[in-house]
Amino acid sequence: MTRHLTQAGYDVSTLRVETAESLKAALGSQEWDIALCDFSMPHLNALDALRILNDMRLDIPFIIISGTVGETVAVEAMRAGAHDYLMKGNLVRLVPTIKREMQEAENRRARKRAEESLKQTEVELGVLFAALTDVVMVLDRDGRYLKVAPTSSRLLNKLPAELLGKTVREVFPKEEATFFLAHIRRALDEGCTHRTDYSTVVEGGREVWFDCTVSPMTANSVVWIGRDVTERKQSEHELRKSEERYRVLVENAHDIIYEHDLEGNYTSSNQAGEHITGYTLAETLDLNIVDVVAPEHLYEARQMIRRKLAGQSITAYELEIVAKDGSRIAVEVNTSLVFRDGVAIGVQGIARDVTERKQLEEQLRQSHKMDAIGQLAGGVAHDFNNLLTVIGGYSSILLGKLPPESPHRASIEEIKKASDRASSLTRQLLAFSRKQILQPKVLDLNTVVSDLDKMLRRLISEDIDLLTITDPGLAKVKADPGQIEQVLLNLVVNARDAMPEGGKLTIETSNAVLSKDYARLHGVPAGPYIMLAVSDTGCGMDAATKKRIFEPFFTTKKAGKGTGLGLATLYGIVTQSGGNVWVYSELGHGTTFKIYLPQADDFEDTGESLRIRPTPKGTETVLLVEDEEQVRAILKQILENQGYRVLSASNGEEALTISQGTEDIQLMITDVVMPVMSGRELAEKVVAERPSLRVLYMSGYTDDAIVRHGLLDDKLNFIQKPFDSATVARKVREVLDSHV
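Residue numbers (this note's numbering): 177 to 916.
Honestly, I wouldn't trust all of these hints.
[Stated by the list, open to error] Restricting the straight-line Cα-Cα distance to at most 27 Å, the calculated cross-link-like pairs of lysine-lysine (DSS-like) are:
hint, residue 1, residue 2
1, 534, 692
2, 334, 350
3, 692, 577
4, 652, 334
5, 680, 770
6, 907, 793
7, 722, 692
8, 577, 593
9, 652, 593
10, 692, 723
11, 534, 680
12, 592, 723
13, 534, 630
14, 617, 654
15, 723, 617
Read the hints as simulated data drawn from the structure, not as lab findings.
Using the sequences and the hints, build the whole thing.
Shown next as structure tokens:
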């Protein structure tokens, strides 16, 4: 048999088995193309072998080969499953039989695969059809339902079975039916698929949106497939609402919200961008960051983009942008990358205008500078003022004793002038550092300006035209008259120096109300103020100079022409008085200083004029308490020269002893800060024994020291060192007379 098959061109591989066990093992070991079996063997016959194949559900052509089998046995074998039988003596049919059976076996396997595939397809289609959420219908040209997929009734007006045979005109209102018919006929007339969307009200009154395709199926029918896109439509609606809210939010934001591509070309901006920079949206879209970012910040801006692209986490950073009008705007920028399909395509940013904050920070730095100098001034004020008191006091005494023709008079006058200049410098240091003790009174600012008019005209040159404009309805202001005069004198002198070739100088007063915005920006309470303005037509200032004018010792004047304390002093006086200074200046176009002082709450009389008056004298007994021997000695001499009886003590204990041993004492003058016992403690003890005693405190310390010793009270009498003999005499007389 092997030879016959080999000669027929088959590549034969055989395995001989003789028992049921070896047959089962062979059948399970690999796939076989054909089984040739002798009808009867010692341990296995053909019928048993057939049963084994059937039990193992193997479709292998089974051919019985026997030399003795009869027709009856052969028929039985064929019924049991054998495919053919051959006689051993007639093997001529072997090859054709094997070829035929192998072909039929292959055909059977192919049919089986097809049947199994069909069954699987039917199962899958059944599952798919059962799970189908789309509306699938076949309709004819008249809109009659020919077939309807078993779609859920929630997407249909009726159950699928109820729609069959009906037309769309029987199911939908006229307008909707017309819509469906138009699309059915369009697909049939054009012979191609087209797409549309529509909404309809289905069972339960719910509106459903469909995205559908209409395709020709036959010459007179179409397949209508509609997909439920209600959720998508709702999402799109919500998205549009969200985008609208976002657009409103962006457009109404106070910060600039913008985008630009990776080359720096702007692609969007909001209204705040137009408001802050002056560029319209159309103009912005033609700009690059090179056109907007200040040149010195451009490298930093580009570096931030590179670092973002490199994946670094960048927090907010600051830079300056240039507005359309050329002005600089400080902004705080926070950016993030814009991605499309996972690729960075640009930058989205929020830029907050921090110009106001920067100004406040600059004011704070300026304040710290002034405080630093103030601390220095306060540290040396006590000893320095004591020395000046001694120098000035003895100079005054000597000048009072020397005849006019004395050859020493000029020298002593120079000493006195130097002492006065040093005292003025100390007062300036204390004033600009806002640590000077002020003696505020309710003033009519118009009167102050009027009283100084003649002096001011003498200060300026003839080629400067002075114009005074005062508000007749000007409210009162509470301030130290001497300090206000100093402010006005400083401004007029500066204006004069700014107009070396002449010009116009204008002094104005008016009532003003500072808004909350202005007040917040300048650190003062909002409300009613008095404005004192001094304007000139001089050389003006550039931005860099204007930025530094209130710094102590900063001056644009030549060496020896100014100390640099004038405007610093002005700033300190105004600030300590609860006011504010505003400066406007343009290079080559003059300068305006506006001083805002709070309006007074009461309208008491303005008090005595600051004009020089005769030095008053007296005969009362004065207890003088001063730990500095030189100061004590000069004060004793000044008071005695004015006719007073003076009892002097170097400390509190000594003063208490003198007080207890003397009956007639009308006034005690005491230094505030002394070793062992302060002036305040001494006064409390002496006044407890002498309730009618008047007390005058004096100190060379700044007001922070006075506060620490409990003396910052405008009802207490106080005189600041250094002082001259006339000042002491007037103050002593004022205190004594105030209790008469």
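Would the hint linking residue 692 and residue 723 be met if the CA-CA limit is 27 Å? holds (23 Å)
Is the straight-line distance between the alpha-carbon of residue 592 and that of residue 723 27 Å or less? Not OK: residue 592 and residue 723 at ~37 Å, beyond 27 Å, violated.
Straight-line Cα separation of residue 723 and residue 617 no greater than 27 Å? Violated, at roughly 32 Å.
Proposed proximity, residue 630 with residue 534 (alpha carbon, max 27 Å): violated (42 Å)
Can you confirm whether the C-alpha distance between residue 534 and residue 680 stays at or below 27 Å? violated (34 Å)
Mind checking the alpha carbons of residue 652 and residue 593 for me, to see if they're no more than 27 Å apart? violated (35 Å)
Take the C-alpha atoms of residue 617 and residue 654, compute the straight-line distance between them, and say whether it is at most 27 Å. Holds, because 5 Å separates the two Cα atoms, which is no more than 27 Å.
Starting from residue 334, check that the Cα of residue 350 is at most 27 Å away, please. holds (17 Å)
Straight-line alpha-carbon gap residue 680 to residue 770, limit 27 Å: holds (16 Å)
Hinted pair residue 907 and residue 793, Cα distance within 27 Å: Holds, because 11 Å separates the two Cα atoms, which is no more than 27 Å.
Would you mind confirming whether the straight-line C-alpha gap from residue 534 to residue 692 stays at or under 27 Å? holds (18 Å)
Need the status of pair residue 692, residue 577: alpha-carbon distance at most 27 Å? violated (60 Å)
When each numbered hint is compared with the structure, violations occur for hints 3, 4, 9, 11, 12, 13 and 15.
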